[in-house]
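Engineer: What follows is the residue order along each chain.
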Amino acid sequence: MTGFPWLTALIILPLLGAVAVFVVKDASVRLTALSVTIADLLISLPLWWLFDATSGEMQFLESAAWIPSLSINYRLGLDGISLPLVLMTTILMPLCVLISWHAIETRLRSFMAVLLIMEGAMVGVFTALDFVLFYVFWEAMLIPMYLLIGVWGGPNRLYAAIKFFLYTFAGSVLLLVAILVLYFQGGHTFDILALSRQTYALSLQTWLFFAFFAAFAVKVPMFPFHTWLPDAHVEAPTAGSVILASVLLKMGTYGFVRFSLPMLPDASRLFTPLMAALSIVAIIYGAYMALAQADLKKLIAYSSVSHMGFITLGLFMFNIQGIEGAVMQMVNHGITTGGLFLCVGMIYERTHSRQIADNIGLTKPMPRYATFLVIFALSSLGLPGTNSFVGEFMVLVGTFLWSKVATAFASLGIILAAAYLLWMIQRVAFGTPAPHMLHKLSDLNQREIATLLPLAVLIFVIGLFPNPLLSRMHTTVERVIARTGPSSPQQSSDQSVLGQPMLSQNDGLISTLNVVRASTVHPTGSLPLTDTQGERP
Amino acid sequence: MTFSATDFFLILPELLVITAACIVLVLDPVLRPSNKDSLVWVSLGTLAICMGLTASQMETHASIFSGLVVIDAYGTFWKLLLYFVTGLTILLSYSYLKEEQLYFGEYYGFILLSLCGMMVMVSATDLLTIYLGTELMSLSLYVMAGLKRKEPRSLEASAKYFVLGAFSSGILLYGISLLYGATGSTRLPAIASTIATQGFADPLLLFSTILLAVGFGFKLAIVPFHMWTPDVYQGAPTSVTAFMAVASKAASFGAFLRVFVEGLGGVKADWSAIFLLLSLATLVVGNIVALVQTNIKRMLAYSSIAHAGYALIGVVAAGRIEHSSGIASVLLYIALYTFMTFGAFAIVAMLRKGTIEGEEIEDFTGLAKRHPLAALLMLVFMVSLAGIPPTAGFIGKLYVFRSAVEAGMAWLAAIALLFAAISAYYYLRVVMVMYMRDPIDGTDPAPRLVMSPTLSLVLACAVAGVVIFGIYPNPLVSLAQHAVLTLK
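Line by line, the protein sequences are chains P and R.
Everything in the first sequence is counted per our numbering, starting at 1 for the first residue and increasing by one.
Everything in the second sequence is counted per our numbering, starting at 1 for the first residue and increasing by one.
Honestly, the hints are just simulated from the structure, not real lab data.
Don't be surprised by glycine CBs; every beta carbon is placed ideally from N, CA and C.
Be careful, since some hints might not be right.
To be verified - Quick list of the computed label-pair ranges, beta carbon to beta carbon:
id, chain 1, residue 1, chain 2, residue 2, range
1, R, V467, P, E57, 28 to 38 angstroms
2, P, V24, R, A460, 15 to 25 angstroms
3, P, F22, R, H482, 36 to 46 angstroms
4, P, F4, R, A460, 27 to 37 angstroms
5, R, Y472, P, F4, 19 to 29 angstroms
6, R, Y472, P, L42, 40 to 50 angstroms
7, P, K25, R, V467, 51 to 61 angstroms
As the list claims (entries may be wrong) - Keeping only pairs whose Cα atoms sit at most 27 angstroms apart, straight-line, the calculated DSSO-like set for lysine-lysine is:
id, chain 1, residue 1, chain 2, residue 2
8, R, K369, P, K25
9, R, K369, P, K163
10, R, K160, R, K36
11, P, K364, P, K440
12, R, K98, R, K150
Produce the entire structure from the sequences given, and follow the hints as far as they go.
Structural biologist: Quick look at the structure:
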């Protein structure tokens, strides 16, 4: 491991960039922001190869005393769960700058500064290993996002901005209390890893679980705390929607997998039925709401509620398929939904309407655009060969091991997703256009293609070769599961069988599916227990 | 009673401030108007010298004047804070008074007199001396509140402040006399040792504790003794409001904590229960009523009430556990509160709508377009007041709530934090009108901010405090922790 402070560099660079955009010349503001985000991406890319996939430990550790009187430290690190999320963030940010190239004309410097501040804070959230440091980054996101929606948003932006802020802020204040309680119960430390090794009484875990839940469930957002999301998405500028859907929502699910599961395993198990029920309600309800939307952004917003339901469902299954699928789905949803929001932003720049009715039959005037839109939509509905298929399938397999009924209901979400997305495509891409619309629509220019292409490529790369991603998160997820303890012997045997081939084979989708299928065929626990059992604390 | 020369040497800062106040009062009538700026420099110079003297007393621990006054790290902490605030007030007033076309040489004299009263409050260990300090501070503030003689609101503020202030002083005095009856002394150490030997059974003791709590409650503006605050804060000249909201509150907390910890530490279970109720009431009323304010000075008045409620949580916690961490969190909270509140008031003071002062929240409309930097600073102050990291307000709350959780009152921290979330609404409303609304063209003169070098200096100090201590609070934390060690 090199001594270079990778993670600090990843956080500091955008923050310096936020200052830089105020001092450069007017003409080069956009270019400065773009270079900073690309530089950040270039710093983050080596991490993918430097990361040691065989170790479930935190890597690229950095540690320094910050506030010694409260034993708060500046500690950063990366494991198999945070690595993909950090990379997703750094990949998306240049695209956010690109999509805002012409869309944002007013207060451009402030806009770019806000984007860059958010990039620093988001990377900070995913890499912080000190609970207070995490909270600082977590909260520091709020004001920039509030400004992004409120200053550069649509007509109803004031309402949406304050609603977003109050929901998420009120949710996260209880998190601070929980952090402080953990500090005194867990040996006077804010070290996330040390706190995860402690055991707490069930009654305390229950309280803490709900305090965490308040913060994370609002952010995800889980049903019934999702009502801020459609408002925020509809009013936010495109870059804001992308950040919101792709990264901000993942902070909630990341919170669950980083804190709730390892720190409060007993309470998490106790409330699995509740979490699963809320997730399934979100899956179905979000999908139904998406079916009814006439506004493209609202449609995607509700589809996010539905897709995030899969992620929370997978996380609380406590088996490797569920959690790994969920973490994978976090990345996939970021890519796919980010792409869809970018598409909506591009069409809005042309027709100044997000209504489906105003954007019908785009294949003829904008064939390239329609291609991308269809790719993203198909990925979103989980077509085999695209990234979401792998993730959602793994989540469903994980759910199947827990409850067949739950799986049946969750699968409805996939069917409904096909319904609302295909119907949307049928109209937007292949419908008969209104005659007056046709002539003024120009197809995607090179900047816009450059914005969409990376995501489209990633969809297929992850869809066809998921193992590089899965293998990097595998050991980490195993540790999370080991920490939460086995719920039944049957499940743990599946995990141990599954664990081996997943790591040894890395030739793409087929092997993954075989492995997954193998586990579904033998759910009865007839396989012998392996030594994984012994590794558990 | 015997005094030695050392005693006088140790109170040299107080003596210097009084002397400077007298010099300013005497020089004012004889100076030509063009030379009157020199009074400002005299005052500031005095503060600088005092700051140096007091800082050198950080390690001193001496009880002087037969135990009436003590020079210790605790008093020194507050004094340094008070010099800083007074310096900022003078700088702000220099621009503000010119803009308002108010000029009274007495103004600076009264600020210094008031400061001297505050210095006595935080270093006195005798209840009557504390009372004298309180009166010196208050009497000067009554006059300063009514400085806009032609404006009825200012006079109303002054009169209201005077009547309620006198009333609360009476209650304080009554409490002191009852405490004297119960313990036979007005010296805090003597009171503490009497309580330690006699036990807490005496109802007179409890009654006097309540009266002292009420008396200080008025000075600290905590609910239900807060009624004067919004009217006075709104009516007084804004520079005076800033001084009252910050310096007078800090000094009152200084005296209040010393009385209750040093003198009444033996009955801390009782006063902790009283302050628990008061802090809850303060949080609820302060934050809820602030939601509906349209005048920014009133809003900030309720905000300062609410912040006293947060600080009180540290006091409540201190009553339940080993006091040092709870009290240190209060010291830290008030010190951090100073930066953000003073900064906010400084912007309000210099905001002009046409020629008059822009006091309505609506007057901030579109400020971000006309004065991006000022709007950004106001944003930082509001965010900090709401307690959102990475600002000083968050660090203050973190320490206070940490003490509360340590004292086993996670529920209190949870309630307080929920009210912090509510408070975010009214703080962000200011941000909203600044950034998200465009000024209405037409009849309304657009708001503008009168910038001046002194105002820039004030804002730079305030924002530096908010940002630097928000990210790196360690120097201030260790100062506060060092200060409470001398408090027994």
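Engineer: Could you run down the list of hints and mark each one as holding or not?
Structural biologist: To see whether the hints hold, each was checked on the structure:
1. R/V467 <-> P/E57: 28 to 38 angstroms: holds (35 angstroms)
2. P/V24 <-> R/A460: 15 to 25 angstroms: holds (24 angstroms)
3. P/F22 <-> R/H482: 36 to 46 angstroms: With Cβ atoms ~39 angstroms apart, the hint holds.
4. P/F4 <-> R/A460: 27 to 37 angstroms: holds (35 angstroms)
5. R/Y472 <-> P/F4: 19 to 29 angstroms: holds (24 angstroms)
6. R/Y472 <-> P/L42: 40 to 50 angstroms: Once the Cβ atoms are compared, 30 angstroms apart, the range 40 to 50 angstroms for P/L42 and R/Y472 is violated.
7. P/K25 <-> R/V467: 51 to 61 angstroms: Because 27 angstroms falls outside the window, the suggested range is violated.
8. R/K369 <-> P/K25: Holds, at roughly 19 angstroms.
9. R/K369 <-> P/K163: OK: R/K369 and P/K163 at ~24 angstroms, within 27 angstroms.
10. R/K160 <-> R/K36: violated (31 angstroms)
11. P/K364 <-> P/K440: Holds, at about 12 angstroms.
12. R/K98 <-> R/K150: holds (16 angstroms)
Hint violations for this structure: numbers 6, 7, 10, all remaining hints satisfied.
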